[in-house]
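Peer 1: Going down the list, the protein sequences come from chains A and B.
Okay, so the first sequence: first residue is 1 according to this note's numbering, each after it adds one.
Okay, so the second sequence: first residue is 1001 according to this note's numbering, each after it adds one.
For the record, the hints were derived by calculation from the structure and aren't laboratory data.
Cβ coordinates follow ideal geometry from the N, Cα and C atoms, glycine included.
Just so you know, not all the hints are guaranteed correct.
As the list claims (entries may be wrong) - Covered stretches of chain A (chain B as the covering partner; in silico rule of three or more C-beta atoms under 8 angstroms from a C-beta of chain B):
1. 41-47
2. 60-66
3. 94-103
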Amino acid sequence: MMRCHEIQALLSEWLDGELESSRTQDVAAHLDGCAECRRRLEELAVPGRALREMVPQAAPPGFEARLAARLQREGLRGPERRLRGLGASRWRIAALLLLAGVLLVVLVLSFLTPSSLREAQSRLADQAVAPPTSPSLTGVDKPGTVGLAGRCSSPMAGADCWSQSPCSSALECPSPQPMVSSQEPGVSSFESLQLPADTPGRMAGFEVGLAEPELLGSWRAGELELSGS
Amino acid sequence: MARIVDGEAEAMDELVSRYKDRVYQLSVWQVGVEHAEDLAQEVFVEIFRSIARFRGESRFSTWLVSVVRNVGRGYRRRLGRERARMAPVTMEVLEELPAKGQDPASGLSRGELRRRLKQAMARLSDEHRDTMILREWEGLSYQEIADTLSIPVGTVRSRLNAARSHLARWIGRRHG
């Protein structure tokens, strides 16, 4: 037999029809014979019933107009909002297109840059005025190639320097024509100079330095002493 | 809903018109009459900001209760008043509808009962009030309330029991 306080703890669920069926009969039986618990049940039922019947307090006059103005100010109403609504997807698309564009530009630049630089270097080399100094050769890259840097007395320093007087008289440019990467007027450096297989002094992993023009003869004759690097 | 998401003024007006009184009443309970309109406006601003996230898994009116609760919480924090809703209760301009007879259970006139109920609802904690509203206004089951508020069903049960006890006492029929 359940006591009143136990029954009263279940009355809220009883009102909501959420009481377990096993207890429903106990509560019903108790309420039949207990006026105090029936009174309590009535008390607990009042708030819910009144709430269900209650008409919400009306918003003050002009509420809608003031709200509309506020929504407009915050860009949540009208054309701006429409754009924003569309924006959720369209901005994403626009961002992707922008990203794709940037990637394309980077890609194109990465292809264009070396030749552009080469052109710029050629222009610099063509315009350069070389001070009269002795040619020198430096640098080695890999088997079959010798990197060279030339300081040329020719006013036409650069790629042509090696085929022009007076440089050409001291050093005949091997074929193919060397690549020029000149940093200053009168200085030509050759990133990669392909030397014929039978070129005297052709060696891998060595540095060639010709400080004096007369040494070029030795180089040509294969008598030049090469220093390892 | 799509029309509202697009900011179509007519659709938004329709929604405001339908729910403004309910939002206003919930706002009065949250912060009192003095700040209720401001909060109600903030609630609608939030609704229109986040309506794209409303997936229709629950009723819109149920979602609305959650929005009022969350916005109201932030609003009260900004006000810096722990019990902001308490003070204005005594000054509340209560809608005095003509009393039509008495409520047999409470022995109060219906007008008086409504007035006391509104005051009592304002005194309830947010948790108890929201649970009562979801049950009595929205007619949700215990399981649905639990899902909506992300709480166990047992908590729904105890909150409703406590809320009804408080309201019954405050309305006037003190239980001995």
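Peer 1: With reference to the structure, classify each hint as holding or not holding.
Peer 2: Structure-based check of all given hints:
{"no.": "1", "hint": "41-47", "in the structure": "holds (count 6)"}
{"no.": "2", "hint": "60-66", "in the structure": "holds (count 4)"}
{"no.": "3", "hint": "94-103", "in the structure": "violated (count 0)"}
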